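So you can see what is in the structure, the chains are spelled out below.
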Amino acid sequence: MPGDYIQKDLAAFFNPQDMGSAATLASGTINVLFTSGYAAAASLGIEVESARPTAIVMTKDITGVKHRDQITINSVVYYIAEIHNDGLGLATLVLSKD
Amino acid sequence: MANKRQQIMDAVKARLQNITVANGYMTNLGNNVYEWKETAFAENEMPGIDYRDALCERFSSVLNRFRWRLSVGIEIATQNSTAVSDVRKMIADVYKVIGTDDTWGGLAITTEQPESDEMRVMKEERFIAGALIGMFIIYETSLWEN
Numbered sequence: 001m002p003g004d005y006i007q008k009d010l011a012a013f014f015n016p017q018d019m020g021s022a023a024t025l026a027s028g029t030i031n032v033l034f035t036s037g038y039a040a041a042a043s044l045g046i047e048v049e050s051a052r053p054t055a056i057v058m059t060k061d062i063t064g065v066k067h068r069d070q071i072t073i074n075s076v077v078y079y080i081a082e083i084h085n086d087g088l089g090l091a092t093l094v095l096s097k098d
Numbered sequence: 001m002a003n004k005r006q007q008i009m010d011a012v013k014a015r016l017q018n019i020t021v022a023n024g025y026m027t028n029l030g031n032n033v034y035e036w037k038e039t040a041f042a043e044n045e046m047p048g049i050d051y052r053d054a055l056c057e058r059f060s061s062v063l064n065r066f067r068w069r070l071s072v073g074i075e076i077a078t079q080n081s082t083a084v085s086d087v088r089k090m091i092a093d094v095y096k097v098i099g100t101d102d103t104w105g106g107l108a109i110t111t112e113q114p115e116s117d118e119m120r121v122m123k124e125e126r127f128i129a130g131a132l133i134g135m136f137i138i139y140e141t142s143l144w145e146n
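Protein sequence lines correspond, in order, to chains Z and U.
Position one of the first sequence corresponds to residue 1 (the numbering used here), numbered consecutively onward.
Position one of the second sequence corresponds to residue 1 (the numbering used here), numbered consecutively onward.
Keep in mind the hints are simulated off the structure, nothing from the lab.
Predicted model, so just to flag it, every value in this text is computed and none were measured.
Mixed in with the good hints, there may be bad ones.
[What the hints assert, rightly or not] List of simulated lysine-lysine pairs, PhoX-like, C-alpha gap at most 25 Å:
#, chain 1, residue 1, chain 2, residue 2
1, U, LYS37, U, LYS4
2, U, LYS96, U, LYS123
3, Z, LYS66, Z, LYS97
4, U, LYS13, U, LYS96
5, U, LYS123, Z, LYS97
6, U, LYS123, Z, LYS66
7, U, LYS89, Z, LYS97
8, U, LYS13, U, LYS89
9, U, LYS89, U, LYS37
Please construct the entire structure, taking both the sequences and the accompanying hints into account.
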């Protein structure tokens with residue numbers, strides 16, 4: 001099928017030996033690209049230090065995953081707040097500790 | 001001796017620091033009280049209060065006595081899964097603590113009940129909730145004093 005090579009090659013980018021991280025879902029362990037950069041939360045003049053943890057995943061690995069499911073990355077338990085599907089085989093999970 | 005406005009703001013700080021469960025309030029908001037906080041609230045600074053006296057307007061004068069309306073903004077911030085309900089409790093605690101003595105130990109004439117408060121909920125790594133409360137402290141000074 002055209003484009004299959006993309007799916008096959010994608011896995012290399014998620015390798016935990018390189019840039020990837022192992023993440024545990026209820027359905028098992030998958031590899032993700034995890035980031036958690038600083039993100040100040042500000043509104044009404046109230047400003048709070050925070051972070052915006054996200055995990056890029058291969059959509060084939062998150063079949064059946066839904067909002068509020070737990071995902072554990074680097075021993076930290078997160079809840080999936082948003083699922084941004086790019087339609088090309090990847091999705092970005094926006095994560096929250098609450 | 002400090003000027004009247006400084007004395008009032010010192011009293012505001014001391015009063016807000018009374019907000020603890022041990023003192024009969026619903027929250028321990030008084031454990032983290034900041035004046036004119038210039039940096040974002042860190043995790044270990046919440047729940048916390050930041051208060052500011054940004055505006056002071058003279059609104060009447062009689063026989064060289066000047067009456068001032070000091071606007072004090074109180075910001076509340078907290079974070080966790082119960083942040084929204086926690087902030088509602090904190091707002092109630094702030095109102096309650098102000099109401100224990102609206103003359104601030106006799107420094108002011110009165111404190112006007114806030115006409116409104118405003119809540120915000122933000123979502124980043126955690127649920128973050130905050131609120132803004134504005135109160136007006138009415139006090140009096142002599143000519144060219146504040």
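Structure-based check of each hint:
For the proposed pair LYS37 of chain U and LYS4 of chain U, the alpha carbon gap of about 22 Å is at most 25 Å, so the pair holds. Our distance criterion of 25 Å between C-alpha atoms is broken by LYS96 of chain U and LYS123 of chain U, whose separation comes to about 28 Å. Only pairs whose Cα atoms come within 25 Å are accepted, and LYS66 of chain Z paired with LYS97 of chain Z is accepted, the gap being roughly 16 Å. In summary, the hint linking LYS13 of chain U to LYS96 of chain U is supported, as the alpha carbons are separated by about 15 Å, within the 25 Å threshold.
A distance of roughly 10 Å separates the Cα atoms of LYS123 of chain U and LYS97 of chain Z; the hinted pair therefore holds under the 25 Å criterion. Between the alpha carbons of LYS123 of chain U and LYS66 of chain Z the distance comes to roughly 18 Å, so the proposed pair stays at or under 25 Å and holds. Using a Cα cut-off of 25 Å, the hinted pair LYS89 of chain U and LYS97 of chain Z holds, with the two alpha carbons roughly 22 Å apart. For the proposed pair LYS13 of chain U and LYS89 of chain U, the alpha carbon gap of about 19 Å is at most 25 Å, so the pair holds.
A distance of roughly 22 Å separates the Cα atoms of LYS89 of chain U and LYS37 of chain U; the hinted pair therefore holds under the 25 Å criterion.
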